[in-house]
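Asker: This is what each chain is made of:
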Amino acid sequence: MDTFLSEKNQAVRRSVRSFCNEEVCPIAREIDREASFPWEVVEKMGKLGYFGIQAPKKLGGAGLDTMSYVIVIEEISKACASLGLCITVHNSVAVFPILTFGDDEQKQKWIPPLAQGEKIGAFCLTEPNAGSDAAGIEATAIRQGDHYVLNANKVFVTNGGVADICLIFARTDPQAGPKGISVVVAERGTPGFVVGDLEDLCGMRANPVTSIRLYDCTVPLKNLVGREGMGLKIGLAALDIGRTGIAAQAVGISQAAFEEAVKYSRQRRQFGLPIARHQAIGAMIADMATQIEAARLMVYRSATLRDKEKAFSQASAMAKLFASEISSKVTDMAVQIHGGYGYSRLYPVERYYRDARVTRIYEGTSEIHRMVISRGILGG
Amino acid sequence: MKETAMGSNKIIVCIKPVIISASSGTARSADSYELNPFDRPALEVALQMKEKRGNPVIVLAMGPEPSAFVLKEAMAMGADAGILLCDPAFAGSDTLATSTALATAIQKLTPFDLILFGTRSADSDTGHVGPQAAAFLDLPLVTGAYSVVPLDDGLRVERRIDDFREKYEVPFPAALTIQSGSVRPRDIGLLEMVSAFEEKELTTWRLKDLGLSPERVGESGSGTAVISVSKAQRARTCEFIPGSTEEQADRLLGRLLASGLL
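As given, the protein sequences belong to chains A and C, one line each in that order. Residues 187 to 566 (this note's numbering) are what the first sequence spells out, left to right. Residues 806 to 1067 (this note's numbering) are what the second sequence spells out, left to right.
Everything labelled a hint here was simulated from the structure, so no lab data went into it. Worth double-checking, as some hints may not be accurate.
To be verified - Examples of chain A residues lying across from chain C (beta carbon under 8 angstroms, computed):
#1 V198
#2 S201
#3 E229
#4 L234
#5 G235
#6 Y236
#7 I239
#8 P242
#9 K243
#10 K244
#11 G249
#12 L250
#13 K293
#14 N339
#15 F342
#16 G562
Claimed, not checked - Pairs of lysine-lysine residues, derived as BS3-like cross-links and limited to a Cα-Cα distance of at most 30 angstroms, are as follows:
#17 K295/A - K408/A
#18 K494/A - K857/C
#19 K230/A - K1005/C
#20 K1005/C - K293/A
#21 K972/C - K449/A
#22 K243/A - K1005/C
#23 K972/C - K194/A
#24 K244/A - K855/C
#25 K194/A - K855/C
#26 K855/C - K233/A
#27 K857/C - K233/A
Note that the Cβ used here is the ideal one computed from N, Cα and C, for glycine as well.
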């Protein structure tokens, strides 16, 4: 598995795994149960550089490659998918767009606190009436003098309850259709910036997913990221790397479920044998391992293409589609191997099962991914 | 001697790359090795002293080329530089030959304030190397140090052993082995990892760099030889004692008495 990794990549994996074993695994069950965000651990993660994995060193980041990024996400997600989600969303769809499309002043202002985890980022695209159809958003950012006046109702915002710096997708030109969408940064605390209640979700419960509503929220014109009308372009570019991150997250959840299933199948005895020795269980273990390995390789391929500055959009979409779909299958098999105990909260596999499910939905549903991939092949 | 914030001579931490899992027939690569977990606290003590007194911290290890990986990890924890003793002549060294090579390398690094070791290694578990190297270098040694307070020209060391606390004052230069539970080794940050790989210096010293004759290291320099290694089999058998509960209890009691366990 590690044949493709540099020594630096391997060292990153080992250090993150060691941190997660010490600090994250012991609290993962409790923070899921209580739907609480573990600030103490998050602050440590900030000091260790997990919030600025690929941000340049001069802006306070670690300046690592995409391969290291997916390794960090996989390892954190293996311990706690909710924290993996926090980190991948922050890095890929909050830090990355500012780094890539922001001007120097924006980078100097926002990247150092984001990269060091002093501030948390969020990506606010989805609305009650616009999910997969991102061009259908209704939020507006209307110029008034040297300000934009933002009005928006953004839902299912990952990190919403803790985010300081929010990338708001809104129409700067309500008449211009998809080309009238722009990205404007709204900071928590600005008058009119309202954080809604926690979404009561089936999984990812330790991530404070909320709605964010903006009521005549006034921000300076210099909070525009890129140019007016670039919103969808920025969003899609961010989702290209974001999807590789979600794929890595799905691999991490799958790996955790797989390891639990292997452990349990060796301990649990039925008909006088450990159940691992029964052919039906062995076949499930084999399928799980094979699917995880394939998904991981797709994640590595997408990361490698990006590190080589080659087109990776299609590879990223395929990795996300495949890894998320196998994570549902793998975590389902892990529950099955555990039998009744797998359906109990006494064992961690039910958490993996719940957490895995959403990877097929967010940052583009499987259906949208199939559409994207088929268009890449067939055109149109 | 009084407590101080002065001093700047090197602290050398001897670390051992240990094999994570020994599987025969597999080529060893960087990911086969990990830093001996018992050495991490020694490195942590050195790094804390560096923060207080400014001593540069050098990590020193002996092993084949891929084991340099653990020196990178140690540098990512905060060591300033790493030295790997690596030569085919070192292969098969026992603790005596290893101590000879390490002590010779340490002599080359003079002047230094302190040499730190873990108390033992996760693989061979002898606990010999620290004391042997200290003896070779004729340094004062405290084993199993639990707390270390720097003084003007030495250390105040507390050693905990067999429910006793022993306090020592040792002058520099000195050697210590550090008790594994005494400090929690720090987590490694991503930026520090990048810096260890991209900026910090890792030097390899061969046999000729040490000026040692080949007879003093490797198998020929070893006082002991490992004849074979095999996995210990723990045979556990389960036996059901028949009869009613009372009969079972009587039989069990009889067996325990007969065996001398009761």
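Asker: Does the alpha-carbon distance linking K494/A and K857/C stay inside the 30 angstroms limit?
Answerer: violated (43 angstroms)
Asker: Would you check whether V198/A satisfies its interface hint, that is, whether its CB is within less than 8 angstroms of any CB in chain C?
Answerer: With a minimum Cβ separation of about 6 angstroms from chain C (threshold 8 angstroms), the hint on V198/A holds.
Asker: Against chain C, run the beta carbon of P242/A and see if the smallest gap drops under 8 angstroms.
Answerer: Since the shortest Cβ distance to chain C is 11 angstroms, the answer is violated.
Asker: Compare the distance between the alpha carbons of K194/A and K855/C with 30 angstroms, and conclude whether the hinted pair is satisfied.
Answerer: holds (25 angstroms)
Asker: Is K1005/C close enough to K293/A, meaning Cα to Cα at most 30 angstroms?
Answerer: holds (28 angstroms)
Asker: Does K194/A lie within 30 angstroms of K972/C when you go C-alpha to C-alpha?
Answerer: Roughly 42 angstroms between the alpha carbons, so the hint for K972/C and K194/A is violated.
Asker: Is the hint on E229/A kept, meaning its closest Cβ partner in chain C is under 8 angstroms away?
Answerer: Because about 12 angstroms separates E229/A from the closest Cβ in chain C, which is outside the 8 angstroms limit, the hint is violated.
Asker: Given a cut of 8 angstroms on the nearest C-beta pair, is the interface hint for L250/A held or broken against chain C?
Answerer: holds (6 angstroms)
Asker: Holds or violated: is the Cβ of F342/A closer than 8 angstroms to a Cβ in chain C?
Answerer: violated (29 angstroms)
Asker: Is it true that the CA of K972/C sits at most 30 angstroms from the CA of K449/A?
Answerer: Given that 30 angstroms is the threshold and the Cα spacing comes to 46 angstroms, the pair is violated.
Asker: Once the shortest beta carbon distance from S201/A to chain C is found, is it less than 8 angstroms?
Answerer: holds (4 angstroms)
Asker: Using the nearest Cβ pair, does K293/A come within less than 8 angstroms of chain C?
Answerer: violated (18 angstroms)
Violated hints, listed in ascending order, are 3, 8, 10, 13, 14, 15, 16, 18, 21, 23; each of the other numbered hints is respected by the structure.
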